[in-house]
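Chemist: Let the sequences and hints guide you as you build the complete structure.
Each chain is listed here by its residues.
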Amino acid sequence: MNEKTSFSDLVDKLAGRVEKSQGFTQEFMHELVSIIESGLKENGSVSISGFGKFEVRWMDERKGTNPQTGEEITIPAQNKVVFKPYKALREYVNRPYARMEPHLLDDSTEEADSQTEKVQPPVPPIRSEDEPDEDFADEEIEKPKREPVSKKKSEPESVSGEPESSEDLPDSDEIDYEAAPFPFFTEEEEDILDDEDQDELIVERKSPVDYEPVTEIAGEPNGGKSAEEEELVINFQETAAPKYKKEDKSHFSWSYIAAAMVVFLIIMALYYLMSRPAEVTEPVAEPPMVEAEPPPAIEEPLPNDIEETEFIAIIVEAGQSLWNLAIDYLGDPYLWPWIYHLNSEAIDNPNQIYEGSDLTIPVPADSEHLSDSDRREVASGYVDVYQWYRDHSDEEARFYLWAAGVFDISIYDEIEGQVEADDLNFARNR
Amino acid sequence: MTYNELIDQLSEELNLTRAETKDLVDKTVQELTEQLGQGISFTIPDLGTFKTKVKEVQKVYNPHYDKFMLIPPKRVVEFAPGKNLKDNLKFINPE
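Quick note, the sequences are listed as chains A and B, same order. Those letters in the first sequence? Residues 1 to 430, by the numbering used here. Those letters in the second sequence? Residues 431 to 525, by the numbering used here.
Simulated from the structure, these hints should not be mistaken for laboratory data. From the three backbone atoms N, C-alpha and C, an ideal C-beta is built for every residue, glycine too. Heads up, some of the hints might be wrong.
Unchecked claim - In silico SDA-like cross-links for lysine to any residue, where the CA-CA straight-line distance does not exceed 25 Å:
#  : chain 1 : residue 1 : chain 2 : residue 2
1  : A       : K63       : A       : A77
2  : A       : K87       : B       : K485
3  : B       : K481      : A       : V82
4  : A       : K84       : B       : T482
5  : B       : K516      : A       : S8
6  : B       : K489      : A       : D106
7  : B       : K457      : A       : S38
8  : B       : K452      : A       : I35
9  : B       : K483      : A       : V82
10 : B       : K520      : A       : F83
11 : B       : K513      : A       : N66
12 : B       : K483      : A       : R95
13 : A       : K4        : B       : K485
14 : A       : K4        : A       : A15
15 : B       : K520      : A       : G64
16 : B       : K457      : B       : T479
17 : A       : K53       : B       : E508
18 : B       : K520      : A       : E31
Said to hold, decoys possible - Incomplete in silico selection of chain B near chain A, CB under 8 Å:
#  : residue
19 : L466
20 : I470
21 : I474
22 : T482
23 : K497
24 : P511
25 : I522
Modeler: Written out as structure tokens, the structure is:
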């Protein structure tokens, strides 16, 4: 698992991919690196779409120990370069583990679980050979299958604390889920366990890092009946989306069908949520979680819809802005009015969002090739922003109107008469 | 520096159109992503080393439910800046 490839091999492969000479590719990489470096020097951060963001972070002076001598030393204040991978990269790298979900422990099973917790093999990703392998690597269909095997080998090494328990590890295919306390459930296993764990919420934490998008949706498990239950169903539909998205990447053949169905459900759910937003969620201060009870397996054949935009719910953290959220989730900062449009009830001033508020965030499959309906959404978002600025008599407002037309020109006809004629003329003629 | 600024500068340096540069960068990102997706680490001179690491299962206390929960293992990307990059930026104050 710890294979390494040399830079020259990497350049070779890349040269093949871009169909250029190795010399050119190498020069390109050097140029890229030096621009990243100068960008870090000047701006303190460099963002590469679909990959991640390099950032310079100032570290105050701190105490540490010399790992060799154990002696205490003072680490002087200095800059540190950090890299924050974006969603696409994170999810791609985490594919072998994508189906595993956090599991709430019962007090009674805690002991047993703590013994086995270190040694669970990842669920091997299965994919069928004939499936289209969207973004990456048509040629590597076989590779992910190998990964879990080698990972299993490497795991005991890294678990130095509990080597003995790893000896007992059965092959992943042979685990008797009923007999052994198995902390992570796949869909089918959860179905089995569901009966026992009726009242227990199985939670999912989606984020590898703390700045991450996460969703909290929780109903009181034992709460009142009808209204509450309805909400749970809705919440579940909404949060099921990212999950299926992940599974798409693992290339389960049925998941394409399921994803299409889920997308439909999400749209229904969103419609429902918009109509009664006040009751929907209950903001909580702790690290947010997603309720992740397994959705029923959906078998009906439906048209393939996986390119559709997914919607996720997040809780705003300190320091976030619509612009940043659009970078992190939508992949393009200029799509931020879309978030504003979707959350018009929750956000008034587009320049101000509050820590702890729940937002619905669209996650387009490809931010550079939005579907017509998505472009319309963005355009509507810009019109909303225009309205807000217009209401606050800001002269800049008309530029937002113009931006709306960039995304969907037909929106001008629709809003004619509802907006200032001057502004509309400006936008049309710009 | 935003992605667009990066593309602008890069296309200037390389004497390529924006579209060509963007295509190059996107393909580079794809290639690097694929390598990392296979658990392969690599070092880019003057930038640093990218590798993946499997984070072990964690048992954490969840105060909301007053229960412990297990966080499944996951594979994450790690980046260690190269020495040159680190030293060059150590005491710079970007604003």
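Chemist: If a hint holds in the structure, say so; if it doesn't, say that too.
Modeler: Hint check:
1. At most 25 Å may separate the alpha-carbon atoms for a hinted pair to count; K63(A) and A77(A) meet this at roughly 10 Å.
2. About 17 Å separates the Cα atoms of K87(A) and K485(B), which keeps this hinted pair within 25 Å; it holds.
3. Pair hint K481(B) plus V82(A) holds up; C-alpha atoms about 13 Å apart against a cutoff of 25 Å.
4. Distance restraint check for K84(A) and T482(B): the Cα-Cα separation of roughly 13 Å lies within the 25 Å cut-off, and the hinted pair is therefore satisfied.
5. Between K516(B) and S8(A) the CA atoms are separated by roughly 22 Å; this keeps the pair inside 25 Å, and the hint holds.
6. The straight-line distance between the Cα atoms of K489(B) and D106(A) is roughly 13 Å, inside the 25 Å bound, and the hint therefore holds.
7. With a C-alpha separation of about 22 Å, the suggested pair K457(B) and S38(A) falls inside the 25 Å cut-off, and the hint holds.
8. Of the pairs offered as hints, the one joining K452(B) and I35(A) holds, with about 14 Å between alpha carbons and a cut-off of 25 Å not exceeded.
9. For a cut-off of 25 Å, the pair hint linking K483(B) to V82(A) stands: about 16 Å separates their Cα positions.
10. Between the alpha carbons of K520(B) and F83(A) the distance comes to roughly 16 Å, so the proposed pair stays at or under 25 Å and holds.
11. Of the supplied pair hints, the one linking K513(B) and N66(A) holds, its CA atoms being roughly 19 Å apart against a limit of 25 Å.
12. Taken as a hint, the K483(B) and R95(A) pair is honoured in the structure, with Cα atoms around 13 Å apart against an allowance of 25 Å.
13. Our distance criterion of 25 Å between C-alpha atoms is met by K4(A) and K485(B), whose separation comes to about 19 Å.
14. Distance hint between K4(A) and A15(A) is fulfilled; the C-alpha atoms sit about 19 Å from each other, no more than 25 Å.
15. At roughly 18 Å between alpha-carbon atoms, K520(B) and G64(A) fall within 25 Å of each other, so this suggested pair holds.
16. Under the criterion of a C-alpha separation no larger than 25 Å, the hint pairing K457(B) with T479(B) is consistent with the structure, at around 19 Å.
17. Note on K53(A) and E508(B): the hinted pairing holds, with a Cα-Cα distance of about 12 Å set against a maximum of 25 Å.
18. Between K520(B) and E31(A) the CA atoms are separated by roughly 21 Å; this keeps the pair inside 25 Å, and the hint holds.
19. The beta carbon of L466(B) is positioned within 8 Å of a beta carbon in chain A (closest approach about 5 Å), and the interface hint is therefore held.
20. Annotation: I470(B) was flagged as interfacial toward chain A, and the flag holds, the nearest CB pair being 5 Å apart, inside 8 Å.
21. Checking I474(B) against chain A by beta carbon gives a least distance of about 6 Å; that is within 8 Å, so the hint holds.
22. Because the closest C-beta pair between T482(B) and chain A is about 6 Å apart, less than 8 Å, the hint holds.
23. For K497(B), the interface hint holds, since its Cβ comes within 8 Å of a Cβ in chain A; the closest pair sits about 5 Å apart.
24. The restraint placing P511(B) at the interface with chain A holds, with a minimum CB-CB distance near 4 Å, inside the 8 Å limit.
25. Taken as an interface hint, I522(B) checks out: its beta carbon lies about 6 Å from the nearest beta carbon of chain A, inside 8 Å.
No hint from the list above goes unmet by this structure.
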